[in-house]
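Asks: Sequence:
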Amino acid sequence: MSAPLPDRSDVLAAGARLAAEAARFNALGWMRATAGNLSEVLQRDPLFLAITASGLDKGELEPHDVAVVGDGGTGVDVPGVDTVRPSAEAGLHARVAALTGAGAVVHVHTLNAVEAAHRWPDGVVLRDVEMLKSIGRRAHDDVVRVPVIANSQDMGELGDRFEAAYDRDIPGVIVAGHGSYVWGADLQQARWHTEGLDWLFGYALRIASGVTDGAWHQP
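Numbering (the numbering used here), first residue to last: 13 to 231.
The hints are simulated quantities; they were obtained by calculation from the structure and are not laboratory data.
Don't take each hint at face value.
[To be verified] Distance windows between CB atoms, simulated: (1) P16 / E127: 22 to 32 Å; (2) G92 / D140: 47 to 57 Å; (3) V155 / G84: 28 to 38 Å.
Glycine included, C-beta positions come from ideal geometry on N, C-alpha and C.
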């Protein structure tokens, strides 16, 4: 017997939460045009996610602008839910959720993340700053290296790169020339981690450029 699909009400409720979060990120300029995508786990075994629809303005999403995908990122038809095209990156969202156990995944295109990855392609080192607490790390005596992976339009290949670079103690990764993928137990925590990491990337860049004095420098 096949596993039961998520309920329509659960999908639309997730769609409403995803739309609200997308509007917040869009207002920050992190989901310009139709860029970026957000997902939330609907059920774990088997894995189903709700993910924002492709090709839509992320500041104007409605609860029904959401697709349901399985563990491979392929769209799944749920009775009573309009069929929309999921993001091409749905497969990576599913891979992140499966590997990390996260309840939500945020993918945004911030300049800080892209610039930091360009400057430090081997990883962005962060330490001795209070905002590290936003990603569950210590403010002092704790060295954090956020992984950077090369971009690919092949989600299987990109997923393999993510798995190879994954650090269970860091809730995010930068895709070079693209943006960041960040996760959390739920959408709120994923947002906090995303906001915290972007601030940290900006801080590291300012120190490296000499705009801000700092007690440490990138290796």
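Asks: Is 47 to 57 Å a correct range for the gap between the Cβ atoms of G92 and D140?
Replies: holds (52 Å)
Asks: 22 to 32 Å was suggested as the range; check whether the CB atoms of P16 and E127 agree with it.
Replies: Violated - the Cβ-Cβ distance for P16 and E127, about 45 Å, lies outside 22 to 32 Å.
Asks: Could one say that the CB atoms of V155 and G84 fall in the range 28 to 38 Å?
Replies: About 36 Å separates the Cβ atoms of V155 and G84, which means 28 to 38 Å holds.
Of the numbered hints stated above, the single one contradicted by the structure is hint 1.
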